[in-house]
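Peer 1: Sequence:
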Amino acid sequence: MSFDSFGLSAQILEAVVAKGFENPTPVQTQTVPLLLTENTDLIALAGTGTGKTAAFGLPLLQKLDPALKEVQAVILCPTRELCLQITNEIQSFAVNMPKTWILAVYGGSSIRDQIFALRKGVQIIVATPGRLMDLMNRNESNISNIRTVVLDEADEMLDMGFKEDIDKILSDTPKDKNVWLFSATFPKDVERIARTYMNDPVEITIGSKNEAQKTIEHFSFLIHERDRYNALKRLLDFYPDIYGIIFCRTRMETQQVAEKLIKDGYPSAAIHGDLSQGQRDQVMRSFREKTVTILVATDVAARGIDVDSVSHVIHYNLPDDIESYTHRSGRTGRAGKQGISMALVNTREKGRIYLIERQTGLRLKLETIPNSEAICEKQLFAMINKMANVTVNEKEIEPFMTSVYEQLSEMPKEELIKRFVSIEFNRFLEYYRHARPLEIVAERNRRPRDDDRGGRNDRFDRSDRGDRGGDRPERGPRPERRERPVGPEAGMSTFVVEGVNRDLRKGALVRVICESANIGSESIGQIAFVKGMALIDVKEGVSESVSKLDAIKLDGKNLNIRSFVRGSGPDAGSDSAPRSSGGGYRSGGGSRDRDRGGDRDRGGDRGRGGRSGGDRRRR
Numbered sequence: 190m191s192f193d194s195f196g197l198s199a200q201i202l203e204a205v206v207a208k209g210f211e212n213p214t215p216v217q218t219q220t221v222p223l224l225l226t227e228n229t230d231l232i233a234l235a236g237t238g239t240g241k242t243a244a245f246g247l248p249l250l251q252k253l254d255p256a257l258k259e260v261q262a263v264i265l266c267p268t269r270e271l272c273l274q275i276t277n278e279i280q281s282f283a284v285n286m287p288k289t290w291i292l293a294v295y296g297g298s299s300i301r302d303q304i305f306a307l308r309k310g311v312q313i314i315v316a317t318p319g320r321l322m323d324l325m326n327r328n329e330s331n332i333s334n335i336r337t338v339v340l341d342e343a344d345e346m347l348d349m350g351f352k353e354d355i356d357k358i359l360s361d362t363p364k365d366k367n368v369w370l371f372s373a374t375f376p377k378d379v380e381r382i383a384r385t386y387m388n389d390p391v392e393i394t395i396g397s398k399n400e401a402q403k404t405i406e407h408f409s410f411l412i413h414e415r416d417r418y419n420a421l422k423r424l425l426d427f428y429p430d431i432y433g434i435i436f437c438r439t440r441m442e443t444q445q446v447a448e449k450l451i452k453d454g455y456p457s458a459a460i461h462g463d464l465s466q467g468q469r470d471q472v473m474r475s476f477r478e479k480t481v482t483i484l485v486a487t488d489v490a491a492r493g494i495d496v497d498s499v500s501h502v503i504h505y506n507l508p509d510d511i512e513s514y515t516h517r518s519g520r521t522g523r524a525g526k527q528g529i530s531m532a533l534v535n536t537r538e539k540g541r542i543y544l545i546e547r548q549t550g551l552r553l554k555l556e557t558i559p560n561s562e563a564i565c566e567k568q569l570f571a572m573i574n575k576m577a578n579v580t581v582n583e584k585e586i587e588p589f590m591t592s593v594y595e596q597l598s599e600m601p602k603e604e605l606i607k608r609f610v611s612i613e614f615n616r617f618l619e620y621y622r623h624a625r626p627l628e629i630v631a632e633r634n635r636r637p638r639d640d641d642r643g644g645r646n647d648r649f650d651r652s653d654r655g656d657r658g659g660d661r662p663e664r665g666p667r668p669e670r671r672e673r674p675v676g677p678e679a680g681m682s683t684f685v686v687e688g689v690n691r692d693l694r695k696g697a698l699v700r701v702i703c704e705s706a707n708i709g710s711e712s713i714g715q716i717a718f719v720k721g722m723a724l725i726d727v728k729e730g731v732s733e734s735v736s737k738l739d740a741i742k743l744d745g746k747n748l749n750i751r752s753f754v755r756g757s758g759p760d761a762g763s764d765s766a767p768r769s770s771g772g773g774y775r776s777g778g779g780s781r782d783r784d785r786g787g788d789r790d791r792g793g794d795r796g797r798g799g800r801s802g803g804d805r806r807r808r
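Numbering (the numbering used here), first residue to last: 190 to 808.
These are calculated hints, taken from the structure and not from any lab test.
Errors might be hidden in some of the hints.
[To be verified] Listed next, with one range per pair, are the computed distances between beta-carbon atoms:
| id | residue 1 | residue 2 | range |
| --- | --- | --- | --- |
| 1 | Thr557 | Thr591 | 48 to 58 Å |
| 2 | Glu353 | Ser333 | 11 to 21 Å |
| 3 | Glu392 | Asn578 | 42 to 52 Å |
| 4 | Ala199 | Lys364 | 32 to 42 Å |
| 5 | Lys742 | Lys364 | 28 to 38 Å |
| 6 | Asp254 | Glu556 | 39 to 49 Å |
| 7 | Thr385 | Gly467 | 36 to 46 Å |
By construction, the Cβ of each residue, glycine as well, lies at the ideal position given by its N, Cα and C atoms.
Using the sequences provided together with the hints, build the complete structure.
Peer 2: This is how it looks when you write it as structure tokens:
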């Protein structure tokens with residue numbers, strides 16, 4: 190099937206051909222003819238990079254009434270970046286439709302300008318849920334007569350806490366509208382949207398539900414926690430032509446890793462929620478133009494990034510849930526191209542690998558960090574390949590060649606080649622000559638125990654304690670056990686998060702608190718659940734930032750957060766912190782960890798992003 194067989198108008202078809210589109214993708218083949226000929230609700234399950242924008246954008250344009258100067262369709266998407274990308278793509282299809290007006294509506298830009306554009310008359314709004322709600326509350330966006338709502342990346346929007354906004358928007362639209370839902374996965378929240386707001390939808394699946402793309406090869410690398418950053422650099426050096434995205438847990442860690450990489454000579458940039466819209470746009474422009482080839486990002490900031498040529502995704506830390514792993518990895522291997530996903534996993538996180546494999550059907554090849562010899566060899570041949578394929582500007586270089594020939598004429602060919610190669614190679618050789626080995630033998634000869642896999646409930650975000658930084662000494666006879674003191678350890682303050690249940694993921698809670706208070710995950714200590722509350726230890730040096738939070742938003746739910754006052758909890762009247770069924774809220778032996786030395790990580794990847802530990806490479 191070809192685009193000219195879909196029944197598209199001449200204006201739209203001409204624009205499609207001008208963009209260089211030749212053969213439609215599978216999702217376009219199955220959706221475009223259907224949506225052009227039928228008024229139906231649609232669920233399209235397809236991964237990122239499969240051509241979804243054209244799949245809904247082409248029929249949307251053809252069904253518009255250009256004479257009607259009111260909003261006829263709304264496209265909801267999770268991020269500003271994706272909002273702009275969809276708008277630009279649909280505008281390119283509408284280049285021959287002069288009376289068609291499409292507006293991008295998103296936070297971080299002037300709402301006054303957006304209001305002014307809406308008042309002039311717009312037929313299609315491409316919006317993030319939060320900004321559209323702002324406009325609706327101001328009575329500046331009338332969607333009461335729209336014909337179509339498109340939910341793009343529906344799973345990601347719900348993951349980001351837009352559930353209430355989406356419910357409100359859909360409730361305010363006509364009941365006889367069409368809803369077109371596009372999603373990479375089909376979790377329960379997406380299923381609920383389909384049940385509540387769709388009528389007998391047609392379901393199209395490209396691949397399998399909740400299945401990661403088959404164009405991606407997955408690897409995991411065992412590391413000691415203290416070596417995390419150095420291991421990252423070695424992977425970057427082993428792939429000299431990498432054009433990739435590195436995922437970190439928090440905004441602070443993202444910025445720190447990016448700054449370290451820039452200092453060490455890697456063409457890197459950070460993208461996270463603390464950047465202004467102008468800064469984000471500049472970073473993405475540099476990344477698309479490949480002046481920056483390594484993008485360090487948080488999960489939220491990277492959602493909606495649509496760059497088809499990303500070669501690698503690196504999980505600097507494993508995410509809190511499996512769907513996030515799938516979304517992250519889906520940034521590579523797009524549009525039919527091959528991609529590589531690599532995860533840095535400390536020695537106490539191996540159970541997470543098995544859980545990912547079990548729930549996705551993937552195979553994460555367990556590997557060791559490349560050694561110095563392998564990296565130097567890779568860099569050498571990359572340099573030779575670059576030299577062999579370099580474009581010679583004959584006219585510009587010709588005036589200098591006589592002098593060059595004169596200076597080099599006495600040098601044998603073999604010696605000349607060695608010297609040119611050594612200019613670049615010597616730098617890597619010197620850097621790695623005395624580099625400390627990072628390799629850990631990758632063994633898969635045993636399956637993990639249930640607690641290694643995440644517990645009886647298959648919870649992904651276990652509170653791993655990181656690597657101890659060496660072998661334990663032989664223990665003597667165990668002394669008689671004494672009850673440890675309850676309450677936070679020295680140097681920590683305790684906060685109470687109200688309204689939680691025991692199924693709440695610890696890792697998700699840590700991430701939200703860190704991002705809301707702009708602190709690093711290393712500042713979080715022990716977490717305990719008790720009677721509808723979560724008790725969280727926070728380092729006193731940053732506790733003031735947390736104390737300024739009145740509430741946090743998690744999974745679309747507002748949770749109150751306050752300082753813990755002794756005697757105010759469910760066990761009021763005692764002079765100790767509340768006790769859980771597991772024996773109380775205890776320090777967890779944090780002081781013992783410090784006495785032992787080493788780089789113990791208290792909360793499953795809650796380290797500092799890895800210390801460089803060794804000589805830094807200069808470029």
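Peer 1: Is it true that Asp254 and Glu556 lie within 39 to 49 Å of each other by Cβ?
Peer 2: Since the Cβ atoms of Asp254 and Glu556 sit about 57 Å apart, the hinted range of 39 to 49 Å is violated.
Peer 1: Between the beta carbons of Thr557 and Thr591, is the distance compatible with 48 to 58 Å?
Peer 2: holds, 51 Å
Peer 1: 28 to 38 Å was suggested as the range; check whether the CB atoms of Lys742 and Lys364 agree with it.
Peer 2: Given about 29 Å between the Cβ atoms, the range holds.
Peer 1: Take the C-beta atom of Glu392 and the C-beta atom of Asn578, compute their distance, and say whether it sits inside 42 to 52 Å.
Peer 2: holds, 47 Å
Peer 1: Between Thr385 and Gly467, does the C-beta distance stay in 36 to 46 Å?
Peer 2: holds, 38 Å
Peer 1: Using the beta carbons of Ala199 and Lys364, state whether their distance is inside 32 to 42 Å or not.
Peer 2: holds, 34 Å
Peer 1: Is the gap between the beta carbons of Glu353 and Ser333 within 11 to 21 Å?
Peer 2: holds, 20 Å
The earlier numbered hint that this structure contradicts is number 6, and it is the only one.
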